[in-house]
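Please build the complete structure, drawing on both the sequences and the hints.
There are 4 protein chains.
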Amino acid sequence: MNGIRTEIGYTTPDRITLRGRDLATEVIGKLDFVQTLCLVALGRLPGAAEARMIDTLLVTAVDHGLTPSAISARMTWLGAPESLQGAVAAGLLGAGERFLGTVQNMAELLLQEGASLAADADAAAMAEHARRIVAACRSAGKPIPGVGHPIHAQGDPRVPVLMETASANGFHGKYCRLALALGDACGDDTRRVLPLNAAGAIGAILAEMGLDPLFGRGLALIGRCAGLVAHLIEEREQPVGQQVWNLVLRQDPRNVLP
Amino acid sequence: MNGIRTEIGYTTPDRITLRGRDLATEVIGKLDFVQTLCLVALGRLPGAAEARMIDTLLVTAVDHGLTPSAISARMTWLGAPESLQGAVAAGLLGAGERFLGTVQNMAELLLQEGASLAADADAAAMAEHARRIVAACRSAGKPIPGVGHPIHAQGDPRVPVLMETASANGFHGKYCRLALALGDACGDDTRRVLPLNAAGAIGAILAEMGLDPLFGRGLALIGRCAGLVAHLIEEREQPVGQQVWNLVLRQDPRNVLP
Amino acid sequence: MNGIRTEIGYTTPDRITLRGRDLATEVIGKLDFVQTLCLVALGRLPGAAEARMIDTLLVTAVDHGLTPSAISARMTWLGAPESLQGAVAAGLLGAGERFLGTVQNMAELLLQEGASLAADADAAAMAEHARRIVAACRSAGKPIPGVGHPIHAQGDPRVPVLMETASANGFHGKYCRLALALGDACGDDTRRVLPLNAAGAIGAILAEMGLDPLFGRGLALIGRCAGLVAHLIEEREQPVGQQVWNLVLRQDPRNVLP
Amino acid sequence: MNGIRTEIGYTTPDRITLRGRDLATEVIGKLDFVQTLCLVALGRLPGAAEARMIDTLLVTAVDHGLTPSAISARMTWLGAPESLQGAVAAGLLGAGERFLGTVQNMAELLLQEGASLAADADAAAMAEHARRIVAACRSAGKPIPGVGHPIHAQGDPRVPVLMETASANGFHGKYCRLALALGDACGDDTRRVLPLNAAGAIGAILAEMGLDPLFGRGLALIGRCAGLVAHLIEEREQPVGQQVWNLVLRQDPRNVLP
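Protein chains in written order, with this note's numbering: chain V, 297 to 554; chain R, 297 to 554; chain B, 297 to 554; chain Y, 297 to 554.
Calculated directly from the structure, the hints in this document are not laboratory data.
Please note that a few of the clues may not be correct.
Once the Cα atoms are required to be at most 25 Å apart in a straight line, the calculated SDA-like pairs of lysine to any residue come out as [stated by the list, open to error]:
1. V:K438 to R:P377
2. B:K438 to R:E409
3. Y:K438 to Y:A411
4. Y:K438 to R:K438
5. R:K438 to Y:E378
6. B:K438 to B:A449
7. R:K326 to R:L341
8. V:K438 to Y:Q408
9. V:K326 to V:G299
10. R:K438 to B:A436
11. Y:K326 to V:R550
All figures in this text were calculated on a predicted structure; none of them were measured in a lab.
Below, the structure is given as structure tokens:
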């Protein structure tokens, strides 16, 4: 037991220290947001390619329209517009096992099941390995994270660009290939297409980068936080919350609105 | 009434559109996080100086040690380590009127009370204007946002570097000067020093930049989200939650721990 | 400064004490939920009529269908079914200024504006007093809490039964009469009906009971917590979350679902 | 697919219906809180013994001093006193796998592993069954829910009174006996005492009552909600939040407070 302290930072009346650096003279205005994020969360500055890749993962998580997170945030604002933090929190609370949290699950699955895989395994070996993982998950009754999407049923448009960006930054290797093979194997198995989705691709890239899967889940929360702020600024100017409520009520003819 | 829609984005089976741009071909890998944030939240890309300044505001909000937000997040993780989103949300919920939310209040106060001020008002006029604002707040029983700090009682070390960064990027004008004058005026008035704090300086910079104060409060949430993720990664590896709980209980001698 | 301690309770290895009572021998199985709630929150047991009235206020807050709170909770469950607490929290976060929080605002307004009113003021004096309050709120640009309802536009069906229950328990006096008069006065003023709603009636009853308005807001949260648990149990069995999401997306023809 | 509707309730301009009953004429003032909770969550009124037992479970969950939940809620209030709902939500978010959520896990474990057990199994058979469950959990690397307590290391004082209340209401049978045996078996196995705790006893009682384990977890949230409201009312009157913050900071000598 080391006592109650954090290596993240400490403070005195005239100085704030972040991971050993003076916040005022060595961080603010000197490091950018992605560098500062890595400094506090990983305890080190990122390399240039790593920083670009992390930045891309944040961007990918920002938003895509009226998601359940955005609906929850706007419903919360409808009742409590005094609390931006409350509406953002309500939106983030849905980032769990089924949505953004899958980036962590996918990274963990790949790290565990793919560690023994040779870096230069050929396509046939990769496909065979993926089929074994799918079969093992199925027989254990466990979901396979990172595949399929309710809207992008034939393929998630974010996956190719994520894989390209990973390649361009030197982070496309066996885990990305295994993840793509998992998507193919799920399809074989269920007779319907269940291709890799964006969360799955992000999980694979996290594994390639050697980053902590929990950090990856954190990136998804930070990026989504930005998207939720955008939704709430729009909700204040062009509110749809009341209309969403009315719309939902009207689906049950027993509800009668004036 | 415009129907239920958001200008932030929409989606089809093979395409996600963000503010009119194709997410896969025009955003991911093309725009960085600050640009994407401005695109979704403000509906436009930022200028170069604006982007640097917004990046600095995000960095400033990240963290400074075991704040109430961090304690709340770690207490939550102690009971519910299965939910990173829950612990982050618990931390963000404290970003209200008294802490991070003050950036919004300060920006709004300055925009309202400083609009009539000439851009080149001299120091005496500025001081006089600040004294009138302080007097008006006091007589209305309203707190003056953005001044004083429980730890940095003689001056917040982040304020000078924030002001320098604002100057370097062309965002240091009458609102920053008025904010500094407000800190001085509070000191005069109460016989103790209540200098401008970081939240106050950020509020002033937001006013200079012409940004929506609610967006500024959103920046504080996004930055703090990064800091909370860092705390929770550390809590998993080197937990202090149980020790904090014991420490708090031991302050009351009626509690007896084994 | 009294040190860090709570009068609510303390604990030793073999005993838990709640407001001076032994939890195991004097509370569990001896006091019911409403008594225990009063004991911890107010520091005393309620009288019989008080307990009945508080019970009724809890019941009133439980639920009424697919409210914004319930929609938010179900949207959160859709992404994070591993965390009942997260979905309940997301639902409670909307209980703010505009919805359940109004019980506190109404109680505070009545206590402040009605203190000087004679207990036996006649109807004309009451109406005149209400008109002055409405005029003062309007000229200060402040909303009048507890009046009007988007669905129950001609009158909230909960108000008469709340007032009857208040009468039956000895809690119907000048504050309830003033609250009803406020609803009438708002109608006079705006040329449309804005009668007292349930939150307004509850606020008035809290004032009659001499209870802390913040405790009243707390009752609303506790009652609503029960309703949210019910919604989430149903959502697990007969989920509507995905359908709500699809329904919302389909309102914008630019969204195309498979 | 049944469309978007809830069996919990619906509303018209002059009527609110809860599970088929008129809220104004058949619920408010007619049913008490526990009855209303069962009506909305279970779709039926409870029997008299069931209602007493559920009431007792709510009471047990209310509070026991400065728990992590209470600390989190008070830390949140320190920064955002404008939002009671936010501080309550922050406290509830810690009711996860390790703390209150264990009532659900225990009930599920008992229902799964104890279904085949004869109602009149003798003590030896019960002990043997418990040892097998403990061994199976250990070999699968799964935690055993509902045993052990950091403070009540030799035995949780709430367990005997919960078991007595269960007996008095006809809910003490094989699941309660198996739960107690599990506590004994954990002790045998680890050479230290790990007796049944309150969450474990509640889980056993839920199994006896045939209630949905998720409903049991919901009861814990509702009860705890009451305790958190009490803490926040006290925090407003006799704040300890700032002192807790200072206390935590002072544990690391690198932090210097004025």
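A quick look at each hint next to the structure:
1. Proximity of K438 (chain V) to P377 (chain R) is assessed by CA-CA distance (about 20 Å); at most 25 Å being required, the pair is judged to hold.
2. Distance hint between K438 (chain B) and E409 (chain R) is fulfilled; the C-alpha atoms sit about 20 Å from each other, no more than 25 Å.
3. Using a Cα cut-off of 25 Å, the hinted pair K438 (chain Y) and A411 (chain Y) holds, with the two alpha carbons roughly 20 Å apart.
4. Proposed proximity of K438 (chain Y) and K438 (chain R) is contradicted: the alpha carbons are some 54 Å apart, above 25 Å.
5. Taking the CA atoms of K438 (chain R) and E378 (chain Y), the gap is about 14 Å. The hint holds against a cut of 25 Å.
6. Restraint check for K438 (chain B) and A449 (chain B): satisfied, since their Cα atoms lie roughly 21 Å apart, inside the 25 Å limit.
7. Among the hinted pairs, K326 (chain R) with L341 (chain R) is consistent with the structure: their alpha-carbon atoms are about 12 Å apart, no more than 25 Å.
8. Restraint check for K438 (chain V) and Q408 (chain Y): the C-alpha separation of about 18 Å stays at or below 25 Å, so the hint holds.
9. For the suggested pair K326 (chain V) and G299 (chain V), the alpha carbons sit about 32 Å apart, so the restraint of at most 25 Å is broken.
10. A distance of roughly 15 Å separates the Cα atoms of K438 (chain R) and A436 (chain B); the hinted pair therefore holds under the 25 Å criterion.
11. The suggested pairing of K326 (chain Y) with R550 (chain V) holds, with an alpha-carbon distance near 24 Å, which does not exceed 25 Å.
Consistency with the previously given hints fails for numbers 4, 9, ordered from lowest to highest.
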